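2 protein chains.
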Amino acid sequence: MAREANVSQSTVSLVLNGKAEGRVAPATRELIKATAARLGYRPNVSAQMLRTGVGKTLAFAVPDIQQPFFGEVLVAAEVAARERGYSVLLVDTTTDPLWSERLVGMIRSRMIAGCITYTPDAEAEAKFADVADRVVMVESETPGRSGVDLTIASAMKSVVGHLAELGHRRIGHFAALYPKLTFRSRRAAFLAEMERIGLASDTRWHAASTFEVEVATEAAKELIASGVTAIACDDDLLAGAAYRAARQLGLSIPGDLSVVGFNDVELARLLHPELTTVRIPADRLGREAVGRLLDRLEGKAVRPHPTLIDLSLIVRQSTARPGR
Amino acid sequence: MAREANVSQSTVSLVLNGKAEGRVAPATRELIKATAARLGYRPNVSAQMLRTGVGKTLAFAVPDIQQPFFGEVLVAAEVAARERGYSVLLVDTTTDPLWSERLVGMIRSRMIAGCITYTPDAEAEAKFADVADRVVMVESETPGRSGVDLTIASAMKSVVGHLAELGHRRIGHFAALYPKLTFRSRRAAFLAEMERIGLASDTRWHAASTFEVEVATEAAKELIASGVTAIACDDDLLAGAAYRAARQLGLSIPGDLSVVGFNDVELARLLHPELTTVRIPADRLGREAVGRLLDRLEGKAVRPHPTLIDLSLIVRQSTARPGR
DNA sequence: TCGGTCTAGTCATACGTTTGACTTGCAGAG
DNA sequence: CTCTGCAAGTCAAACGTATGACTAGACCGA
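Here the protein sequences line up with chains A and B, keeping their order.
Residues in the first sequence are numbered from 33 upward in steps of one, following this note's numbering.
Residues in the second sequence are numbered from 33 upward in steps of one, following this note's numbering.
Worth flagging that the hints you see were computed from the coordinates, not collected in a lab.
The structure displayed is predicted, hence computed values, not measured ones.
Wrong hints could be hidden among the right ones.
Where chains are identical, the list cannot tell them apart; a pair therefore holds if satisfied intra-copy or between any two copies.
Claimed, not checked - Straight-line Cα separation of at most 35 Å, DSBU-like style, residue types lysine-lysine; simulated pairs:
#1 K189 - K159
#2 K65 - K159
#3 K159 - K88
#4 K51 - K88
Given these sequences and hints, build the entire structure.
As structure tokens, then:
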């Protein structure tokens, strides 16, 4: 490439990196750019990395890409990263028990510049200790370590408040059966709010399930059979399972049973009746996480407090006054 | 690291790459491995790449990660890649009009070893011409270039056949409004099969829409109003919109209207009644695409013919004999 | 004429590996 | 005692880039 343009390799580098100011004549600059274009020349990224020590790739670890919600987060993250010249490596934490070790390895080996982990569990989190300055955690287990947090508690408060206001007194909680802080927070917030407004909360009014449709449907059936008139779900998918369960039991929503979801994925508007649910602004979440990580990596002002993403209750047609 | 173990860095390299056979004493091997573990040493990937010329990253370009279907494909791809020591870079083609240029650049600059493109359009496809040996296309526009193809035609044939067998004669086609070969194939296969079995196909019995819920619902309403008794949809999401439309028009499924989807995502079983749809084995698809790419990159036997992924019609409760 | 300054570049090194070619020490054969 | 062969390592070159240090020439003022 340098040979082709009859200049030294250094000159090429200077021009292509825009550091030619006062060192290379405009004519030469044009010549080099033209030659580069003609040959379709691309600097070798590995060599650049090796020399400069910094790469432009980051990893985003999500629990389950199959869930549309994480898809939304990922797209937003990818866009935000791209705007700043970075690429995003995909890591699915459910299919790889060693994901945290792998990520740390990637950071150590400079394969990636840093990473974002979505709701890591405490065990995984510990492994990131000595590369902590290259990691942003969303909903970290350790308070203060989070880069991005959600206002889970206040959202769950709105959910319970909404149902109580409609007149429900036997409110069930359909929880997600995953050992994540976010779900423990939801449970805690649910119970706290129930107690605060003086509603009883029977242990039979609590069910937990994975997101597998059949499993969740069975769990939901039992929960409904316990006599609740409303259900707060930890996820829209669980709400979908609750719909199925209700239908199989011959109950109508919201006439016989009110249901509230969580996440507001597309499914929420495709269910009938449309699902009342908590909206998480996935795009803002993804964008914010990437922004924080890159700011830190590039040495910009480090913000000590986590970014708080506000959730909001979207009331649709799946909630109404109790009928039974 | 080499200093720490009192050996030369060549020796370290040999041991860590398992090429120590007959060149390094077992005792030294152990020493080096132990030291590496103790220091948490990771070889610098950029340097390795630079030296060897081959990287272990590949990119997977999908149209829209937010659709759960692509999530499934991606997970499978990521797992398959990981098993062979590769990482997967995410590229969303809808949010980046320059995605193909970027991918070609990444290949040229050796940032990635190769890539997979899911249903590229003809224009994008052309840009990959001179790096074709590092690209696997799923449902390519140019026949014979595909690495992986789907049996779209025969699937659509099953759909029409199923509906005709139930007694439907006015069968509508709710198409996806995207300029992709896969959707053109579906349209063509639909029309061909209708003609083959001697059914008329009015142009009013054809609608096309993007996947945006409200838009799709309106389009579906018009289609239903045209008097069809059954609808074959290009995607489960469109089928979901058809459900909405039917409800808004006061029609019941499958009593008044039969609906068939495409893809068999989780939504299909959450809709009520459960959706009859075409199942695409997403995991096999993702795995196969990665397998072909890596085989090619690593110089294994090149298979001249594309892999065919078989689709199958899953009959659930959304189809029945016509009632109107 | 000479020293000084500026412009337009080139030179050489370092980044951390991999790998074919070389070295060293030692045992056994002749 | 020398020679051969082998085991166990080391040497050094290369991969493609970025960049601080250097230089050749032009031009100017004194």
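How the hints compare with the structure:
Taking identical chains as interchangeable, the C-alpha atoms of K189 and K159 lie at most 35 Å apart only when both belong to the same chain, with a minimum of 33 Å there against 53 Å between chains. Taking CA atoms no more than 35 Å apart as the test, K65 paired with K159 passes between copies only; the shortest distance there is 20 Å, against 45 Å inside one copy. When the C-alpha separation of K159 and K88 is checked against a cutoff of 35 Å, the pair qualifies both within a copy, at 23 Å, and between copies, at 24 Å. For the homomeric pair K51 and K88, the shortest alpha-carbon distances inside one copy (19 Å) and between copies (31 Å) are both at most 35 Å.
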